[in-house]
Amino acid sequence: MSDEMTIQSYLEQGGKLSSPENAPARYRGELMRLMASFVDSELAGSAGFADCINNGPGIAERIAASRIVLEKLDHGERVLKIMGDFGADTVRYASHHPWTQRMARDADIGASRQGDDMRLNVFHYPIEGWTDAVTMNVLMGTAVTIQLEELAGISYQPLAEQFRAILPRERRHAELGIEGLRKLWAEETGRPAVKASLAYWTPRVAASFGRAGSKRFDALKRFGLRSRTNDALLSEWRGKTDEVLAELGIAA
Amino acid sequence: MARFFPLNVTDVRRETRDAVVVTLAPREEDKDRFGYMQGQYLTFRRDFDGEELRRSYSICAGLDEDMLRVGIKHIDGGCFSGWANAELKAGDVLEAMPPMGSFHAPLDAEAKKTYLAFAGGSGITPVLSIIKTVLAREQHSDITLVYGNRSVASIMFREELEDLKNTHLGRFNIIHVLENEAQEIDLFSGRIDQKKCRLLFDGWIDIGAVDMAFICGPEPMMLAIAAVLREHGLRDDQIKFELFASAPRPNRAQRAPAKTAGTDEGAADNNKICQATITLDGTTKTIEMPSSGQSVLQAALAADIDAPHACTAGVCSTCRALVLEGEVEMQTNHALDDYEVDRGYVLTCQCYPLSDRVVVDYDQ
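Protein sequence lines correspond, in order, to chains A and B.
Every letter in the first sequence is one number past the one before it in this note's numbering, and letter 30, counting from 1, is 90.
Every letter in the second sequence is one number past the one before it in this note's numbering, and letter 155, counting from 1, is 1436.
Some clues are possibly wrong.
With a Cα cut of at most 27 Å, we get these calculated BS3-like pairs of lysine-lysine [as the list claims (entries may be wrong)]:
1. B:K1566 to A:K275
2. B:K1566 to B:K1553
3. B:K1566 to A:K281
4. B:K1312 to B:K1370
5. A:K141 to B:K1553
6. A:K255 to A:K300
None of these hints come from the bench; they were simulated from the model.
On a predicted model such as this, the values are computed, not experimentally measured, just so you know.
Chain A on its own, in the form it takes in the complex (with noise of 0.2 Å):
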């Protein structure tokens, strides 16, 4: 055995880095977007559901909306506190972007990124309403909950310890949401609506995981940023959102 080997080799066997000083060109630019898109979806989807807080309909509901938009935005500001270590500038970061700005309810943009934002596609659309709101909050905090459980392990340590900090607290954010969706489902002249969000909201989550046979999965699990595929994650995401679902009563 010699102590000669290359990053790269020592990353395709599970290695771990542990500062921007080790990580190769390459590496550091994928590791940087994946960062990217995480504080811009939180930042985005904060800025959303902020606009939530005040339907809900009792104050339950609303210290609920209220704890769900803070810890995303502590979320967002861990990792984006390791961007920093890379040279980004975070104070600019945070402000470079309109996050509250929202597409029209019936544009369609499929699983792409829009402009210079790398939020996730489902944060580019507007939420409306209280029901839309805890809906949308049930179906993205399960696929949030399963694309933290896959970035926990990833080989960059610092950003993998924020991970495994931050996804306790996100799924407890999913569990919030079931929680409300459970109190709406009991009205049965709430049951449309939900019903009507169910159907909104599902497309556009499941492509929030991205294109199937994505052509950069590979190089990212080289790198040790990537191990489960875009169609794995989504085929758990669906088999967890029929169980949650089922379990709350609401035919899929």
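Following the hints, complete the assembly by docking chain B onto the known chain A.
Chain B only, in chain A's frame:
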């Protein structure tokens, strides 16, 4: 962006034939910035024949020692480490960024934990900081160090470790593994590889009791240890890695620095075409792009080159690349240090060609 502060060198002590231990003191007004966590590192910069070099070295002091101290081992061909070993002396001033790194676990005075640490060669520096801190701050915890070196003469902090062992009998154990020296027990000769780890966990270390493991050393050693730790049921969040921050990398030739905004020369002619050669993931593509109105990043994306990018506002540095030939103008830069710009790095989202031909590489 990175900021450097002066540190006074108060002592340089020779630790082994090829390693020195450097004690540093920040200015009074910078003291708070240089508070550190056990296991963190300092990044230094220094000019060598007109080229700025940056190197990181781990802090080897414990939290309660109230001083900044790093170990610097001379690496073959290493410019900074060679200079530090040969010429650095008390009274000099070094420039450093505040401490960074996450090679540590939270401390809890009441905790009763079992830690296992592996160090290879100068990988001992952050591990020593962790050992001292844990022994001082967690009175009920214990820690075992497996320490690999070529020979007895190359063991850094040998005496200090022995003293710690004697002061904290029963709480701190050391297993030395020496590559070039036969020892009474075969297990303690050779390299720390998977086989040796399995043997150690068989009879010498109660791996089932370990709460947290720290590993710092060369890559193959870290991979071997981590694999066997996982085999024995440790989760990812129980294994902390620290790769040598300052592994020497191939020297890069000096590049012509990218021009920054505000220069009039070469003012863009709207109809001019530039030939841009762009490398990404080992594939090189040559495209034609207008000399104005389109950034290098936009041109690359338009040509189906999947170049990394995020903010496109010159803020995040995701789109960083190296200009190998030609001249470009960078309109905005909030993310790259002068140090990187001097080497030819640019933010491609902010970059417009000034010459008829540019060669840009995302792989370096």
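Hints not upheld, ascending by number: Per hint list: single violation, 5.
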